[in-house]
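Engineer: Here is what each chain is made of, one letter per residue.
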Amino acid sequence: MHFNYTNICLCLALLIVTACGDQQGSLFSNPPASETGITFKNTLTETNDLNILDYLYFYNGGGVAIGDIDNDGLPDIFFSGNQVKNKLYRNKGNLQFEDISKTAGIEGNSTWNTGSVMGDINGDGLLDIYVCAVVGINGFNGYNELFLNNGDGSFTESAAKYGLDFDSYSSNAAFLDFDMDGDLDMYLLNHAVHTQESFGKADLRLKRNYQTGDKLFRNDGDKFTDVSEAAGIYGGVNGYGLGLAVSDFNQDGYPDIYVGNDFHEDDYYYLNNGDGTFTESSKQFFGHTSRFSMGNDVADINHDGWPDLISLDMLPQDENVLKSSEGDDNVQTQRLRTERYGYGYQFTRNMLNINQQNSTYLETALMSGVAATDWSWSALFGDYDQDGEQDLFISNGIPKRPNDLDFINFVSSEQIQNKMNNTKLMDQQALDKMPTGNIHNYVFKGSEDLMFKDESGKWISKDTLVSGATAMGDLDNDGDLDLVTNNLNGTAALYINKTNNKSNYLKLKIQYKDKNTFGLGTKAFSYAKGKLQYKELYTVRGFQASSEPIIHFGYGEITQVDSIKVVWPDGSYQTLRDVATNQTVIVNPENTAKFDYTSLLPHQKPIFEKTENNLGINFNHIEDNYTDFNRQKLIPYQISDRGPATAIGDLNHDGKDDVFFGGSKYIPSQIYVQNDSAFAPFHIPQIAKDSIKEDVAAVISDFNSDGKNDLIIGAGGGDFYNKMTALLDSYYIQKNSEFDPANLPESFQNTSVIAPFDFDEDGDLDLFIGGQSISNDFGKMPQSVLLTNNNGTFSNKNEDALSDLGMVTDAIWTDFDSDGTKDLIVIGEWMSPTFFKNTKGQLSKVDVVQKDLNGLWQSIVPFDIDHDGDTDYLLGNWGTNTKFKASAEHPMKMYYGDFDENRQTETITTIEKEGKYYPIEGLDGLTSQLVFLKKKFNTYASFAGSSIEQILDKDVLEKAEILKVQELRSGYLKNENGSYSFVPFHNKLQVSPIMTMLSYDFDSDGKEEVLAAGNYFGVKPYHGRFDSFGGALIKGENNVILSAQIGLDLSQKSVRHLNILDLKGEKHLLVTLNNASTQVYRLNRK
Amino acid sequence: MNKIITALLSLIFAISCKAPQKEEPITITPEDLDASINQVTDIMIHDIFSPPVASRIFAYPNIAAYEIVAMADENYTSLAGQLNGLTAIPSPSTIDTVNYDLAAMVAHMELSKRLIFSEDRMEMLRDSLYTIWEGKNPVLFTSSKEYGLQVADHIAAWMKEDNYAQTRTMPKFTVDADDETRWQPTPPAYMDGIEPHWNKIRTFVIDSAAQFKPIPPPAFSLEKDSPFFKELKEVYDISNRITEEGDTSEEIQIAQFWDCNPYVSVTRGHLMFATKKITP
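Chains A and B, in that order, give the protein sequences.
One point on numbering: in numbering that gives the first Met the number 0, the residue at position 553 of the first sequence is 552, and numbering is uninterrupted.
One point on numbering: in numbering that gives the first Met the number 0, the residue at position 174 of the second sequence is 173, and numbering is uninterrupted.
Simulated from the structure, these hints should not be mistaken for lab results.
Do not rely on the hints blindly, as some may be mistaken.
Claimed, not checked - The following label-pair restraints were derived from C-beta to C-beta distances:
1. Gln165/B with Val955/A: 12 to 22 Å
2. Thr194/A with Glu145/B: 32 to 42 Å
3. Pro50/B with Asp923/A: 24 to 34 Å
4. Ala679/A with Ile193/B: 21 to 31 Å
5. Gln316/A with Pro137/B: 30 to 40 Å
6. Ala58/B with Asp48/A: 40 to 50 Å
7. Gly456/A with Asp246/B: 50 to 60 Å
Claimed, not checked - Taking lysine-lysine and the DSS-like style, the derived pairs with C-alpha atoms no more than 25 Å apart in a straight line are:
8. Lys934/A with Lys21/B
9. Lys229/B with Lys935/A
10. Lys779/A with Lys159/B
11. Lys432/A with Lys934/A
12. Lys632/A with Lys232/B
13. Lys934/A with Lys655/A
14. Lys779/A with Lys444/A
15. Lys963/A with Lys779/A
16. Lys935/A with Lys159/B
As the list claims (entries may be wrong) - Partial selection, computed: residues in chain A whose CB lies under 8 Å from chain B:
17. Thr337
18. Leu575
19. Arg576
20. Thr626
21. Val930
22. Lys934
Values in this document were obtained by computation on a predicted structure and should not be read as measured data.
From the three backbone atoms N, C-alpha and C, an ideal C-beta is built for every residue, glycine too.
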């Protein structure tokens, strides 16, 4: 008997539907309103004059706050409604709640309420409630209301009395003591709306606007004073503030602020200067941020005692939604926005930023698995399963998607526009065009190595609600974290945590002094079984909400915590020792001592120290303006930005090493010669004259054995094509002080690497020249060549073994079979590391490497990483922090062929999702090259969800060549008696492409280490920007130090070469960057 | 007996098949052509074509229709030999009678269909007209349709050689923001330069896009005395003045008449993007 799969699904669906009364996930249950008494429903009433077409934040929802307003030990719940009255529910215990809204007097008077926050504003030990409102557009009246807690279950609205009765476009507020005077100050988050004035340059943020601009208020006792201007807080007409987080991000004892701004405005990262002012520093610390920033949250997820940050956006996972939704900018628009209009890089996806201890953040959302959670509002970190790792809850959904491309096209037509601008006739039709987006909430289980696992549908049931503001608290006082979401057009949902006694916890309740009675800003460092957990108490988290003022830790099986260091807002601390788990500890300041914040800073002595004048090497590489995607519109990444070349050798015959840097197209190369104390520019007319070519590889050596060094330069750049002579590699022979151009065998590919070695053992240097690509024909295999040297004249050996080698990026001569002769290893993109055995000058491909290792390999270096005495090979690859996806089972596939039969080839890169292959490009991307697809798909909806087989006809696909990648991770080929298997690196080495590696004894401990560096920007904005890898020192398999801790920060730069420079016996690290100035670091040696 | 019945039945069957077909006249009015052009316009709004592309979509079907009408009416001169590369359309076969107006309509709809994306919407109009015409006079309809399609093929073959297809996949306009003398997109829409390769398409009448070279604008300069700056300032001043005067000013009326900006930026509600519009 066969069970029909569909029937089983139907049965399951039926079960789920019938179980709706009390929905059960394995970790959270959702008790119904009939049991809890919580009936609050944020019902939206759409009218002709008020809907998503009229008010851009019509669907942002209300607020929710959890806190014990009557100090009975049970946290109560407050909801603000957009158009419905606010509600306050008193917790009676046993998850029973009583609606006390009427008697409490908190129902509110504003037309449109948003975020709600509980906090003790007047320092009387009672939680007050601050409710934000949008006032002054769409006929919205009222003001932000402050409900002061009378202590008897009633509240008195007192906003005006404290100077907090704003009638602006408020979305949220946060309480913090930014000036450390012991009382709570307030940051008010306002949002902009689209007007003709809201666009334009970033410096719009400098001009204050009452309604849209954020504000900072100092608590002066009985009144709050606006200090925004003096404190350096932006308040412009372009501040679309939706996300707000307070944390001491740089661990200097003063709270800092992160503001998530929607649309084109950058997020703000306000670092507290400690003198009442802030310095907005987002560009310095974040290479890129979320674009349509919504809610955010802060927690230490990697156990280093520093707060990490997630900022939400709206990238969908589902192919159908993804391909019918507006996404990222195009390349040229992004360039204008960043280079001309002053904005930072922003991309449409969630960003997970790992704090690198007062250095730039490591952004890992794609790798960590939390980048795409669709229309996301609130993020809350918490150890929901109490295993000691931070988990993540993300609320989600929108009733109608205004970023649907078919809808946008519909309302874009002039006729519709005219009708919509002048009448309301088209509104209903326009509204109907928007698809619904009631996506389920997400929950992720945190684990080590920065990874999160999607447990939606398991820990929680998959809902069809539109959930926004979310608050966290222990509603049933059983020690685990419960959640409450404010839902649009649906009853508020309680997520009751069922961990209970399955795993151990500790709750800290803080009782602090002065007017900061709940101790906002208190930090707790927990040490148990060698593992650090760190929490900081701020209640305004997620989105338009505040959570219960408690600190919660999960401990798994651990029954006793070794110690908890509590650092108070005033900079003093005390230590609790041997604390039993499964209890609530009330902490007061006792026996405190001054806390030394410098103790949190990295202890390692920096190995690298930046030289002040770069030793005179003032080379600034300027990449030319050529944009690959304007011509070959569908290639997966650029090929024009692989330079510059760097070569070190003596060019002026004085016995000292000099440096050659290649120029990009039309820009001359530069040479720096070594003098007695530094380097100085040096002009060799014959070489400088040849400025047309783009120099991507170079070698200085004596090729004609006349005792003087010559120079060979590999040309690339991807712009010149066919048999243009600017694609030919250059060869300059030094004669006296002149350099004479000489010829190399003709080769019209974009060169990537020149590897010299005397492979035929005749006493002169021969060359392997790697071909990376063929201009205008990406996907076609270039021909790499082996050139034999005969008295300085090179001839092509026409080595058979090298035919169809692939898109080569790097090559080394190395004795991989320990026979005393150096062999050749070649790596590249869409190919496996390829080993060529050298037998008396004859190369033959050997099969010593693990199968299915096609990667986007960028760099290779020999290094005994496992310290077992043989040579392993470290390989830099693309990394996993990317929208590319590849495995042996489901390789990334690139179709290559002339799909539109215009006698030019195209490529379509596809990745697997649930067994099917989808192009990474959307319809606009594909049709920019393949116009015929416009006839096949005349709506985005008809295209969305189509696999490559549904997009292109079978016979077209059959004619196409398919290039594959099975491995995107960087790692190493482990040498096991001459055969090599691949071992991936840890995740912190997978955040960006590793473009170059250098083996050297940097710390002079007598052993070599490998310095790895990279980052890469040559991708379309949909892929983001691989910019947050600052480099790493690899000492061994499990011994990797990220660069921030050793004095090197190469983040936000795209590194091409690392070289050691010797100046008067002192060793320096030369770092060559693409499209940036070269850097020189002194090695701090013992 | 059986044989006779069979023969009779066959005869009846044969006669019934040969029942006289309708032979009503089919009259094509200017409104019919208007309807077809309107349908094309609506589809272009849906499919979103930029104004230059829209002009091309209008041109070829109308030339086809005109050539057919001109063949039957000596008041009109054929464009063959007058338009670059256009040769005389084929004559209808002498055996059949052809309604030239009907054939012109068929050619118009057929070519239009090939030029737009949403073919189904063009087919809707075509099939409803076909049904009507066929009902009136199937023989005439069929011969006219076939002739119309024949001419459509002839024009399509000419059209195919105009280099339009090649320009579709030519490089996008490259923005060089470092060069202040060059045009660059502006917010909020950051709209692309449209049709940077339009001059590579075969012209209809003039010998090439380069036949009438305009005098170049004055060289970019922000020096107060430079001709460029003076012209810039003039535009700026007028623009300020007419903005103040409001939408009723003559200049604004003139500007709106000439406005064929294919994009409009939408800043209402949640919308913020470069949107494309069309004023054919």
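Engineer: Now look at each hint and say whether the structure bears it out.
Structural biologist: Right, here's what the structure says about each hint:
no.: 1; hint: Gln165/B with Val955/A: 12 to 22 Å; verdict: 20 Å, holds
no.: 2; hint: Thr194/A with Glu145/B: 32 to 42 Å; verdict: 58 Å, violated
no.: 3; hint: Pro50/B with Asp923/A: 24 to 34 Å; verdict: 19 Å, violated
no.: 4; hint: Ala679/A with Ile193/B: 21 to 31 Å; verdict: 50 Å, violated
no.: 5; hint: Gln316/A with Pro137/B: 30 to 40 Å; verdict: 55 Å, violated
no.: 6; hint: Ala58/B with Asp48/A: 40 to 50 Å; verdict: 44 Å, holds
no.: 7; hint: Gly456/A with Asp246/B: 50 to 60 Å; verdict: 55 Å, holds
no.: 8; hint: Lys934/A with Lys21/B; verdict: 37 Å, violated
no.: 9; hint: Lys229/B with Lys935/A; verdict: 50 Å, violated
no.: 10; hint: Lys779/A with Lys159/B; verdict: 29 Å, violated
no.: 11; hint: Lys432/A with Lys934/A; verdict: 21 Å, holds
no.: 12; hint: Lys632/A with Lys232/B; verdict: 39 Å, violated
no.: 13; hint: Lys934/A with Lys655/A; verdict: 65 Å, violated
no.: 14; hint: Lys779/A with Lys444/A; verdict: 43 Å, violated
no.: 15; hint: Lys963/A with Lys779/A; verdict: 13 Å, holds
no.: 16; hint: Lys935/A with Lys159/B; verdict: 20 Å, holds
no.: 17; hint: Thr337; verdict: 10 Å, violated
no.: 18; hint: Leu575; verdict: 49 Å, violated
no.: 19; hint: Arg576; verdict: 54 Å, violated
no.: 20; hint: Thr626; verdict: 6 Å, holds
no.: 21; hint: Val930; verdict: 5 Å, holds
no.: 22; hint: Lys934; verdict: 5 Å, holds
Of the hints listed earlier, those the structure fails to meet are numbers 2, 3, 4, 5, 8, 9, 10, 12, 13, 14, 17, 18, 19, in rising order.
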